[in-house]
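Colleague: Chains as they are written, first to last, in my numbering: chain A, 1 to 276; chain B, 1 to 333.
Rather than coming from a laboratory, the hints here were simulated on the basis of the structure. Every value quoted in this text rests on a predicted model; they were computed, and no experiment measured them. The beta carbon of each residue, even a glycine, is placed where N, CA and C say it ideally should be. A hint or two may mislead.
Now the stretches of chain B that chain A is said to cover, found in silico as 3 or more residues with beta-carbon under 8 Å [claimed, not checked]:
1) 11-23
2) 188-202
3) 266-277
Using C-beta positions, here's what the derived DEER-type ranges look like [to be verified]:
4) Val151(A) - Val313(B): 25 to 33 Å
5) Ala48(A) - Leu101(B): 29 to 37 Å
6) Asp195(A) - Glu70(B): 24 to 32 Å
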Amino acid sequence: MATPAVQVVLDTDVAIETPEHIVFRHRVAGPARRMFAHFIDLVLCYGALLVVASLIVLAALGGGALASSMETTLKLGVGLLLLLLFAAQWVYFVAWEAVKGTTPGKMALGLRVVTTEGRPVGFVEAALRNLLRAADALPVGYVVGVVAMAVSGRFQRLGDLVAGTLVVIPERMRVAGSVVLWPPAKADEWRDVPDTVQLDADERAAIELFLRRRATLGQAREHELARMIAGPLLARHRMDPRRLDANPSRALALLFDRAQNAGRYEGPPSSRGEAA
Amino acid sequence: MIPSAVTEVAFVERRQRDWTDLEKLAWRGTREGLRRLAPDDIVRISPLYRNLCSDLARAQAARYSAPLVEYLQGLTAISHTLLYGPFARAKRARVSLASWLYAFPRTVRARKWPMLLAAALFFVPFACGVAAAIHEPAFAFRIVPEAMLRPLTEAYAKGFAEGRASGDDALMAGFYVNNNVGIALRCFALGIFGGIGSAFYLVHNGLSIGAVLGYVASQGAGGNILTFIVGHGSLELGAIVIAGGAGLMLGWSIVSPGERTRLASLQLAARDAVVLVCGAAVMLLMAAGIEAFWSGSAIPSVVKRALGVTLFVLVWGYLLLGGRGAPARGAAR
């Protein structure tokens with residue numbers, strides 16, 4: 001199998017190195033998700049504006065037995081509305097992101113704004129990325145922003161580029177159970193499995209994915225899939241080619257278990273029995 | 001292959017309790033803020049996070065299965081975001097108001113070339129507008145619609161003896177905030193396109209304000225409109241120039257990045273620009289207050305002019321002298 005010298009993963013991940021010299025990955029949010037979050041924010045802002053506007057009209061009608069007082073109430077109300085409109089356009093996003101690192105719309109979609117170093121944003125970053133919104137929204141419907149996202153490679157619109165921020169999707173994952181050889185291997189199953197099994201990262205990942213999924217496959221399909229990769233692997237490790245016809249899936253499980261656990265202490269019963 | 005490593009099953013079994021603890025704390029901290037957590041929990045997060053980091057390194061080195069590594073990475077990511085966050089430097093909030101007060105005039109002075117260019121881009125068309133409209137009043141109609149100019153002129157010609165109708169003040173305050181601050185912020189933001197957006201806004205605003213002023217003056221109400229403008233003018237026009245200058249600066253940092261990459265140069269300029277824009281926005285908010293509640297009121301014009309001149313001196317004094325001799329900006333930050 002020919003693998004390129006440097007593997008470039010084509011994915012929407014960003015690697016970030018911490019002061020502890022650990023590299024972790026953030027999943028970056030794409031335009032669709034962010035547009036939807038933005039839509040929710042707009043609905044919230046302008047919905048609130050609409051509510052205030054109707055309250056003002058009600059107040060003006062209710063208190064407006066005198067024509068002059070009704071006019072005054074309306075004028076006061078419109079002044080207030082204009083202030084709120086300003087807040088909705090320029091303050092809402094900055095305030096939420098500076099304090100919480102996210103807006104209600106982003107929260108609803110599980111998005112968060114972080115700096116390119118993976119830290120939470122402060123006031124300066126929040127202000128910059130949201131001021132530049134005016135440029136991103138041009139000429140209509142965030143066309144400039146989407147183009148910038150496509151070009152930047154990390155889904156950064158102009159505001160994100162200037163402020164040095166990313167919109168990420170922090171995911172809450174659960175610990176997946178490890179792949180365990182089941183049922184435990186009988187002694188004679190190991191007879192032709194070599195002591196050291198060398199699998200590269202891709203093979204390991206492929207076999208692992210297969211072993212995790214095989215319970216959801218029909219038996220015929222399971223063996224059919226296993227046979228594709230088991231053939232070369234069995235040949236490489238000089239194992240009995242008859243396994244291919246008998247139970248290729250089991251052969252893969254044995255190979256994987258040996259690669260993962262051989263020589264490691266506190267192993268599961270299968271490999272411990274073998275090591276002894 | 002690392003022969004001394006434990007198997008994945010044993011590794012997970014041994015460490016999972018710490019991970020679950022950290023996971024609960026980190027998500028609660030992210031949702032409610034680090035300061036809402038109990039003191040004991042806050043103390044625990046840091047060692048739990050450091051242990052998690054070494055667990056992640058170990059899991060990657062031992063080539064444990066992908067889902068486990070992904071889980072540990074995700075947990076590292078949210079814990080990192082929480083621990084290195086603004087909660088960790090909450091005390092600086094008090095310092096920053098004073099430092100912003102110093103930083104604003106200092107930044108204006110440090111970036112004097114874009115400021116001067118913005119002033120030229122605003123005041124040259126402004127002067128042209130005034131001159132052209134006084135010389136030939138119909139010129140103003142090409143820039144501002146006649147239907148708007150005529151009632152405006154009548155209002156100024158009437159003077160301010162009656163003051164404004166009740167409620168008008170508040171209405172106009174809302175309008176000035178929304179309109180003027182919005183224009184200044186947009187004028188800054190569009191500077192990112194090589195400064196062209198900012199230049200356009202500066203020229204356009206200079207020309208239309210000049211034309212209005214010139215037209216009203218040509219109709220014989222020049223004294224009144226001057227009395228109106230003098231109160232908030234120094235703040236408002238100064239702020240528009242500063243915001244536009246910040247936009248020009250942003251554009252220039254891309255056009256001529258010097259020895260940095262264009263992106264790095266842009267990000268560096270943006271750190272200064274944000275100080276300028278926030279300062280300009282505050283100036284405009286003050287100007288909007290003055291314009292709505294003071295400039296149009298029935299206060300005698302002598303008082304208005306005196307205050308206008310005082311404000312003019314104060315604004316220039318602040319911009320030229322403010323923050324000199326204060327602790328260096330790096331120290332305050």
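Colleague: For a quick check of understanding: which of the numbered hints are violated here, in increasing order?
Modeller: Result: hint 4 breaks, nothing else.
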